[in-house]
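Those protein sequences? They're chains A and B, same order as listed. Per numbering that gives the first Met the number 0, the very first residue in the first sequence carries number 0; after that it's consecutive. Per numbering that gives the first Met the number 0, the very first residue in the second sequence carries number 0; after that it's consecutive.
For the record, the hints were derived by calculation from the structure and aren't laboratory data. Check each hint, because a few of them may be wrong.
Stretch by stretch, here's where chain B covers chain A in the computed footprint (C-beta under 8 Å, at least three residues) [what the hints assert, rightly or not]: (1) 53-67; (2) 137-145; (3) 156-163; (4) 181-190; (5) 254-267; (6) 309-315.
All C-beta atoms in this analysis are idealised placements derived from N, C-alpha and C, irrespective of residue type, glycine included.
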Amino acid sequence: MRFNKTLMQPAIIALSLAQAALLSGAWAAPVPAPLPAEHLSITQLPVASPHWIYVYDEAFNNETDSRLNLYDGDSHRLLGQIDSGYYPGFTPSPDGHTMAVATTYWARGGHGPHTDVIEFTDTSSLAITGEVVLAPTRAQGPPTSYNIAYSKDQRFIYSTNLTPAASMSVIDVEKKQVVADFDTDGCVLAIASLERRVSSICENGRLLSVTTDDTGHEVARSFSDPFFDVDHDPVFIQAAPSQQGALFLSFLGVVHPVDLSGMQPRFSAPWSLVDAKPVHHWRPGGTQMLALHKTLGTLYVSMHQGGEGTHKMGGSQIWVFDTNTHRRVARWPIDPAKYGAALAVQVSQDLQPLLFVTTDTSTLLILDGKTGHLLHAEAKMGQTPWYLINP
Amino acid sequence: MQQRIDRLLERASRRVAQRTSRRGFLGLFGAALTGATLLPLLPVSRGGQALAEPTSPKVPASPTASDDPVSCDYWKYCAIDGFLCACCGGSSSSCPPGTTPSPITWIGTCHNPGDGRDYIVSYNDCCGKTSCGACSCNRNEGEKPMYRLSLNNDANWCMANDNPNYHCSVSVLLGVAGQ
Numbered sequence: 000m001r002f003n004k005t006l007m008q009p010a011i012i013a014l015s016l017a018q019a020a021l022l023s024g025a026w027a028a029p030v031p032a033p034l035p036a037e038h039l040s041i042t043q044l045p046v047a048s049p050h051w052i053y054v055y056d057e058a059f060n061n062e063t064d065s066r067l068n069l070y071d072g073d074s075h076r077l078l079g080q081i082d083s084g085y086y087p088g089f090t091p092s093p094d095g096h097t098m099a100v101a102t103t104y105w106a107r108g109g110h111g112p113h114t115d116v117i118e119f120t121d122t123s124s125l126a127i128t129g130e131v132v133l134a135p136t137r138a139q140g141p142p143t144s145y146n147i148a149y150s151k152d153q154r155f156i157y158s159t160n161l162t163p164a165a166s167m168s169v170i171d172v173e174k175k176q177v178v179a180d181f182d183t184d185g186c187v188l189a190i191a192s193l194e195r196r197v198s199s200i201c202e203n204g205r206l207l208s209v210t211t212d213d214t215g216h217e218v219a220r221s222f223s224d225p226f227f228d229v230d231h232d233p234v235f236i237q238a239a240p241s242q243q244g245a246l247f248l249s250f251l252g253v254v255h256p257v258d259l260s261g262m263q264p265r266f267s268a269p270w271s272l273v274d275a276k277p278v279h280h281w282r283p284g285g286t287q288m289l290a291l292h293k294t295l296g297t298l299y300v301s302m303h304q305g306g307e308g309t310h311k312m313g314g315s316q317i318w319v320f321d322t323n324t325h326r327r328v329a330r331w332p333i334d335p336a337k338y339g340a341a342l343a344v345q346v347s348q349d350l351q352p353l354l355f356v357t358t359d360t361s362t363l364l365i366l367d368g369k370t371g372h373l374l375h376a377e378a379k380m381g382q383t384p385w386y387l388i389n390p
Numbered sequence: 000m001q002q003r004i005d006r007l008l009e010r011a012s013r014r015v016a017q018r019t020s021r022r023g024f025l026g027l028f029g030a031a032l033t034g035a036t037l038l039p040l041l042p043v044s045r046g047g048q049a050l051a052e053p054t055s056p057k058v059p060a061s062p063t064a065s066d067d068p069v070s071c072d073y074w075k076y077c078a079i080d081g082f083l084c085a086c087c088g089g090s091s092s093s094c095p096p097g098t099t100p101s102p103i104t105w106i107g108t109c110h111n112p113g114d115g116r117d118y119i120v121s122y123n124d125c126c127g128k129t130s131c132g133a134c135s136c137n138r139n140e141g142e143k144p145m146y147r148l149s150l151n152n153d154a155n156w157c158m159a160n161d162n163p164n165y166h167c168s169v170s171v172l173l174g175v176a177g178q
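For reference, chain B alone in the conformation it holds in the complex (with noise of 0.2 Å):
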């Protein structure tokens, strides 16, 4: 699981410093890697929506979360801001046809209320075309602002990409969590 991780996080970084050598992506990035291992980590956001089911800390899951992958409220969607791509042509874990996958990943934690384990989830966007529009999904469980952002859901994580459009956000199980 560490070396799929690993891997994830290397591609992202590879490609991120193919566009820069500015010295704020080193603690930016350290931070996002120091980040994935602590709370959920978010995808790429659009803010302001209607929330779905706002939870509290205290609980672990949303008290409504469901196994629909078409519904905000899937427990793998835990903290996922954008459009669904199970509702745009692709499924919880793959991007529609057509859409590119961002280099650019936020890894987190979710917990499957069916089975009470917590899973490591990468969050990706799909790139490459205008936003889907459909599922509108706003969860923003240890959100933070832009300027801390391995934590923020609101800048377009499309941005590294070559077509930089953001079209919808997929949830990917990596595994469960602490093995």
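In isolation and in its complexed conformation, chain A is listed as follows (with noise of 0.2 Å):
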């Protein structure tokens, strides 16, 4: 076949045009309108939600650094942060309007002078709203959801001391000022109940009561017999709330209920997580390695197969109690080995439970908290999530 030069020139033509028409832009399709200017602003955080949880990150490879995560556990979304410097307490306010931290800074990052402070947090804007100085004797110690504690009116914050005598000082919430100081016969830990009461556990086993005044001073002091055995099956110091007063748990699976709602402490029998004669030693462990749901009675603990001196290990298996009848209603495997062992464990505390855990390859892990389906793993939630705190 041969082409007729002839008629191949317009169609040459045409092509050409159509070429340059493209490359000028003259065909393309219509050009959006320019996008708007943008505004620097501040985001506002939405509505609180039961489901939002601070993850403390203790930062342990600069432990001068940590901080608390707030996050959503049904958008999956970091909503922001709040500092805490060095070895913090925390605990928010009984109204979870605010979050006080006591905490170390360093005035040239880790060196020059330090102060020992405790600051409160908005927690409807993360904003910084005021700070009490302390003296330089603040108990430095792990996570614990009783370092400090709010009077449960809320009038004064308890703050433990260790130097290493303990001892506790009263902070004035409204006066922003340290009103009062006491010893604790070396009992630490601060757990409010009552009015304005603050307890310690000692190291006998006892629990040191401690009422204070109008002006945040001591009035009356009692001591609890022993409740637990500190030699051979010692409680972690990181109990779980409960509706009458707190959950401990020991070393070998012992829980310890302590009802604070009276005028003296009462101890109800101890019931244990694990058979009397354990076959392949099933203990709790971690960093927060229990979680109460209040009204659903709903213990979920962190546990782990192993000897003696392993308390602090993570645990592979989620175990979940019901408190009433003391039965195990569920095991849910975590899988360590794609997620890590889970270290800190917390529920939300509204009827459509989540549980979250943090685990040794800083994963925050998303369960449905009455049937352990997983929602959710949040990959390379901080550096070392040691610690969860409902809002």
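Each of the two chains sits in its own frame; use the hints to bring them together as a complex.
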């Protein structure tokens, strides 16, 4: 077949015109309107949800830089951050409007003059609203729910000291100043109850309870009888708040319910998570090994298989118990090979609860609190997420 | 040997006494002295990192006990919890340059599988700089919660230093136990 050059020429010219038009953009799709100018702003937190969780990151490799990360368990988004310095104590206020953080800062990073301080953060904006400077005696230890505590009437904060002598400072929240200080006979932790009473655990297994007056000063103290065996089966200091007081858990898996609703502490009969003669040596362990849904009475415990000295080991299963019947209702595997071992557990307190679990690979797992179904796995949730706090 | 331990404890008590007059200290420190004779005591602590080989109290030392100062399995680290100073510019018995030893120390006993002897070990923390971050080691045989402070490795044992910033931990041999 031969081409007719005369016929081909108009077609070539048309193609050339089309190429030129494309290059010039004359035949392109309509150009959208330019993007509007943006205005720098500050994101406002939405209305708080019971499915929010504060993930405490110890920042173990650089401990002067710990923080509380606020995370939404439904949208799986990080919502914001509260700086928490070095070895902090923290607690939300009873009304939930404030997060109090007791911590230490250095003037020049990790050296220079250092200041112990309690900082108050508005939980609706995550802005710091005030502070109280403390004496340089603040207890610096592992995260618990009881390193500092609001009095139940929210008037005072009890803040633990350790030098290594143990004592308690009382902070007037309205006046923003330390108003009292009392010795605790070597007992540690601040567990608030009644209107203005604070309890601490002693090295002989007793509970010290100190009542303070309208000025924050001690007016009465009492010691309970020992309620656990310190030498043979001590309780973790990471107890879970309960309706009447707190649930303590021992290294070997014995639950010690403490009722602080009366004038004197009452101790219900201990009950065990494990068989009397354990075959496989299941034990609780981690950095926050138990969580309690206070109204449903459901207890979640991170469990591992191990012997003496493994009480900080993360769990391969979450065991679920009905605290009314003391019966185990479920065992949920965590798959340490995939997600790491479970170090900390916390459960939201609504009626469709989420179970939050952080692992030693810094993964945050979100499970359905009723079925154990894994809903989400958030990798790289900080450096060392060792404690979880409900808002 | 006893004189060395006495000097060590005296220094610790003097330093702490300068900072406190609370009555709780006497009972606390008494317990520490008593505990020091009973079982391996602990250095400063940091909780929660992955454990070294967990051991049973019936086993005198880790089955994988080694003589490597940068290994958490080193027999001399039988109850250490923190960053190994040997990985931070120091050694198993010396603090890194520019840091300060803690005046409060733990006296423990570790079994050396190499010669079959138990050794008295002083655990000290090195303080004054931000945590080293290298060679995290967490072994908790005999460890108790903070209300039994003399047996606890979770408290910050740089607490009595002018600068209480924890950096790393060392393990200093003081001699053979029982001699």
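State the violated hints by number, sorted upward, taking the hints as numbered earlier in the document. 5
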